[in-house]
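If you're matching them up, the sequences are chains A and B in order.
Per the working numbering, residue 143 is the first one in the first sequence, and the count goes up by one each step.
Per the working numbering, residue 143 is the first one in the second sequence, and the count goes up by one each step.
No lab work stands behind these hints: they were computed from the structure.
Honestly, I wouldn't trust all of these hints.
Identical chains share a label here; the pair holds if one copy fits it or two copies do between them.
What the hints assert, rightly or not - Below, computed lysine-lysine pairings styled on DSS-like, alpha-carbon distance capped at 30 angstroms:
{"#": "1", "residue 1": "K201", "residue 2": "K323"}
{"#": "2", "residue 1": "K469", "residue 2": "K327"}
{"#": "3", "residue 1": "K579", "residue 2": "K418"}
{"#": "4", "residue 1": "K181", "residue 2": "K323"}
{"#": "5", "residue 1": "K579", "residue 2": "K469"}
{"#": "6", "residue 1": "K155", "residue 2": "K584"}
{"#": "7", "residue 1": "K418", "residue 2": "K201"}
{"#": "8", "residue 1": "K155", "residue 2": "K323"}
{"#": "9", "residue 1": "K155", "residue 2": "K181"}
{"#": "10", "residue 1": "K469", "residue 2": "K323"}
{"#": "11", "residue 1": "K327", "residue 2": "K181"}
{"#": "12", "residue 1": "K579", "residue 2": "K327"}
{"#": "13", "residue 1": "K201", "residue 2": "K181"}
{"#": "14", "residue 1": "K155", "residue 2": "K579"}
{"#": "15", "residue 1": "K418", "residue 2": "K181"}
{"#": "16", "residue 1": "K181", "residue 2": "K579"}
There are 2 protein chains.
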Amino acid sequence: MAADLTAVTLIEKHRPTLDQALEAIRTRAYWSPHPEHPKAYGESAPGDGQAAFEALRGKRLGLDQPGTDGWVGDEVSPYGPELGVEYPHPDVDVLLPAMRAAMPSWRDAGPEVRAMVCLEILSRINARTHEFAHAVMHTSGQAFMMAFQAGGPHAQDRGLEAVAYAYVEQVRTPDAADWSKPQGKRDPINLSKQFTAVPRGISLLIGCNTFPTWNGYPGLFASLATGNAVLVKPHPRAVLPLALTVAVAREVLAEAGFDPNLVALATERSGEGLAKTLAVRPEIKIIDYTGSTAFGDWLEANARQAQVYTEKAGVNTVVIDSTDDYKGMLGNLAFSLSLYSGQMCTTPQNLLIPREGIGTDAGHKSYDEVVTDLAGAVQGLLGDDARANALLGAIVNPQVRERIESAGGIGEVALASRTVQNPEFPEATVRTPVIVKLDGAKPDDEAAYLSECFGPVSFAVAMDSASDAVELLRRTVREKGAMTVGAYTTSSEVEQQVEQACLEECAQLSLNLTGGVYVNQTAAFSDFHGSGGNPAANSALCDGAFVANRFRTVEVRRPA
Amino acid sequence: MAADLTAVTLIEKHRPTLDQALEAIRTRAYWSPHPEHPKAYGESAPGDGQAAFEALRGKRLGLDQPGTDGWVGDEVSPYGPELGVEYPHPDVDVLLPAMRAAMPSWRDAGPEVRAMVCLEILSRINARTHEFAHAVMHTSGQAFMMAFQAGGPHAQDRGLEAVAYAYVEQVRTPDAADWSKPQGKRDPINLSKQFTAVPRGISLLIGCNTFPTWNGYPGLFASLATGNAVLVKPHPRAVLPLALTVAVAREVLAEAGFDPNLVALATERSGEGLAKTLAVRPEIKIIDYTGSTAFGDWLEANARQAQVYTEKAGVNTVVIDSTDDYKGMLGNLAFSLSLYSGQMCTTPQNLLIPREGIGTDAGHKSYDEVVTDLAGAVQGLLGDDARANALLGAIVNPQVRERIESAGGIGEVALASRTVQNPEFPEATVRTPVIVKLDGAKPDDEAAYLSECFGPVSFAVAMDSASDAVELLRRTVREKGAMTVGAYTTSSEVEQQVEQACLEECAQLSLNLTGGVYVNQTAAFSDFHGSGGNPAANSALCDGAFVANRFRTVEVRRPA
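Here chain A stands alone, though its shape is the one from the complex (with noise of 0.2 angstroms):
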């Protein structure tokens, strides 16, 4: 190891942050290393992050990988401007076995220090948020403190987490045991017995658009910390965040006197479709995915050599019974529909309204009022082109933006989408949430809110009471999945069916959110981001299962 980077300085510097985040997993109350104001990183922060990101582009991204065959990269900002980055294309029959030869050393360091250098990585990360949050924002379209806040220290949270995970289920079996095992009145028989946490191979991150780091850090950290070797595959049009975080991670390994080639970059041409055949190469262990359930599905199917990790697609609804804060519970909802123009696997898009109305605290409320209401909401939220753009962002991809224009076919539009002009970045497409009213009784209607509709598009489906409600509530999340579910509710009845159904058919619940917490929020280190038991992902983050079947434990016994 180099001089300042020895296990010794390592677990100086960052055993204590590991120790906090092992107590917050086990308490779950609120806890942080990471500041999420910009402010928190100092005056030149964000000059500096701003530089670093505009010295970036139109460059070649050099990693030093073995076995780079060519150079590519061609992601376009939502914002508009092309980055113009270029990337290493791997040779993968070169890179994979540099990445294997790699993981001797990395399994021999043990739990600690692989620890140790994780969270070096995540807090280099960290010193340079402001420049990830360029780069998220001009790849996932996040508006600049979304960017700044998911793609940074939220997403270093995650990171982290996975590591306090990972290292805690390492060290259950003891690194070497003495087993006496007594005989009467012979003399006992011992063994010596050695526990070896052993890596499973390489591990594939195949990342996603809208969340690269948030949604990638948690199965990069997760793998690296239990000593496999992790190869990144990103998204096309979201390449940047995650080739800085491997580029960071190459650094502080080879500072660490390890092979950089633990973590590489496997960026693809255009239309090569590299994922489908990384996924199935037999040094391929783990995989960790989030996107289309399609994909995910067939790689569920066909990476039958790995472990696979999957977050797809879900339907998520939020069940309106009652509330004793009406206007608190319209602004909460319209901030989680408006929050980064709905493109998130969290966003609500069924929200079910009693065709006889609700009870609140303002009165009792129509079908009708209510979702005028809520459009109204959404419109005084939106209303400020600059607060607009600042929650909005901009639509990541046409098909989002189809989505939102052919809403009107689907039913009667509540809430039309508005343009909305960025005078910064005149060429992104900003839009405002659709509403569209549809109806939980008629059967034609159930394509629609049957489906994800990804982006601003929701729907308010009028039922015939609470609990049918609740009944199609339990039949989207059983058929769909769904990652995050809603209700508001002043009746303990109500309450305690959609609890019950929540824990039948495993979904997170929030209930009754008027405050500064959305339901399409989750606080790492103690919400839970999806439940790995229903169709939308089959792993939470982060929990054991996560990480146990990361590695394995190998003993070694021999006559004491």
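Dock chain B against the given chain A, drawing on the hints supplied.
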């Protein structure tokens, strides 16, 4: 709950045992609460146990299960007698919904009460160990002492170990948390969060012929302790031990106030293929399987709605390089090859011996001498018929007998199998092991030593060098899988090579065993059975990965 099985009394009775088990899996020191000596069960236990077993024969074993549409059972003891026990045949369209209905109150009982109920089941099974020993003996063909120990206390240990892992995994997340996020000068955001371990659904245990309880209890108890219902589908030739287990479980569940349908038996009609039907039912969310690679692979590929834990076939290797206790090595290996006529997934098959011979404390021994001396050690061990019967047990099925009989066609026979008479059970097929000489340099011999030959047939493979032996070990584990690896060496260099091979190919290694511990035996709470990281098994008994995905954690959060 009944008066004597309230949560309070159960906790008072069993919590100390659970705590000791939790400590044992942390330290992996020797521990067991289940005595392995038959005398420990009281003076009348042997007679009572045998009488209880005899009383079962020729009768119906009623379990009072819903949806029983007939009675089946045609078990014949490998020792000769027909058991004549009939078991309920399930109408699964009635039984499965009844099992699902039983789950919510079991979920609501929480991890500790579930663990306590599981420990009560195990403790009642333990009290009937003599009866179970006869049931295991007359279905598996194990000799009585082995059926007693492996089918009784050792199986109970593995069940308890799974309960301990399941318990600790579920309580890693607290039941509730207060989450308070600072907001600078504003009031913090306060959320109250509840976390519930929820079951996946119905868990299917597909039992095996040779170790119905030992291989069945880990999955059964891991699933039950994590809130799932468990449907037990025994091997048609080894129903009785698991049927008795189900009976005890149902009795305890009912007494503790739970629905007995949480555990049910699914016995199949001859040739029905019920496992295949059940495995793809949507209600089945977990499968535990021990058996052939072909069906294990089929389950992994087709039971896509379920978490599938498999133990399949492998090829176990012992590298014989050198020893400082030649006699001890020969005796230890002879015992390993003989125990239960090699009908264990952990029995060594390939003995890799340098053709130039090995160094020993008794001087240099040529390849031929080693093979001859090992054959002699087996003959010595089994020379006395009474001792041979006590070690070998009976051949479990005609396929094993055929393998013994055709072993001479594979290569030069260094030790021929001898037929042993069993005076108590003259119909039993009792056979001593065969050792066949093969050459690792002859391509023609490869097909033999690279296939599993289940039963008392092992291959003494002549190798060019110890390094070649390690390479063949490596290749065998990678391509065919291995439950166990053994090695004898006094060379630190060879030892290191073997260790590296096992760490990299993920196999459990026993080094230089010469005393009363054998490569084919593992002790619960300390040794891992299988690694879960090579083709022989996709899971290990027992670790976090074996339990962590049998439940999911559902979070409900609301403003505090």
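>> Within, between, both or neither: how does the pair K579, K418 come out at a Cα-Cα threshold of 30 angstroms?
In response: Neither: 39 angstroms inside a chain and 45 angstroms across chains, both beyond 30 angstroms.
> For K181 vs K579, is the C-alpha pair at or below 30 angstroms within one copy, between two copies, both, or neither?
Replying inline: Close neither inside one copy (42 angstroms) nor across copies (75 angstroms); limit 30 angstroms.
> When no copy is specified for K201 and K323, does a C-alpha distance of 30 angstroms or less occur within a copy, between copies, both, or neither?
Replying inline: neither (65 angstroms within a copy, 41 angstroms between copies)
>> Within a copy, between copies, both or neither: which one fits K327 and K181 at a CA-CA cutoff of 30 angstroms?
In response: between (72 angstroms within a copy, 15 angstroms between copies)
> Is it within, between, both or neither when you check K201 against K181 at 30 angstroms Cα-Cα?
Replying inline: within (29 angstroms within a copy, 79 angstroms between copies)
> Taking 30 angstroms as the upper bound on the Cα-Cα distance, should K181 and K323 be classified as within, between, both, or neither?
Replying inline: between (61 angstroms within a copy, 18 angstroms between copies)
> Between copies, within a copy, both or neither: which fits K579 and K469 at Cα up to 30 angstroms?
Replying inline: within (21 angstroms within a copy, 84 angstroms between copies)
> When no copy is specified for K579 and K327, does a C-alpha distance of 30 angstroms or less occur within a copy, between copies, both, or neither?
Replying inline: neither (82 angstroms within a copy, 41 angstroms between copies)
> How would you classify K418 and K181 at a CA-CA limit of 30 angstroms: within, between, both, or neither?
Replying inline: Answer is neither; intra-copy 42 angstroms and inter-copy 61 angstroms both fail.
>> Within, between, both or neither: how does the pair K155, K584 come out at a Cα-Cα threshold of 30 angstroms?
In response: neither (61 angstroms within a copy, 57 angstroms between copies)
>> Within a copy, between copies, both or neither: which one fits K155 and K323 at a CA-CA cutoff of 30 angstroms?
In response: Close across copies (25 angstroms), not inside one copy (42 angstroms); limit 30 angstroms.
> Given identical chains, is K418 near K201, meaning Cα to Cα at most 30 angstroms, within a copy, between copies, both, or neither?
Replying inline: within (28 angstroms within a copy, 57 angstroms between copies)
Checked against the numbered hints above, the structure violates hints 1, 3, 6, 12, 14, 15, 16; every other hint is satisfied.
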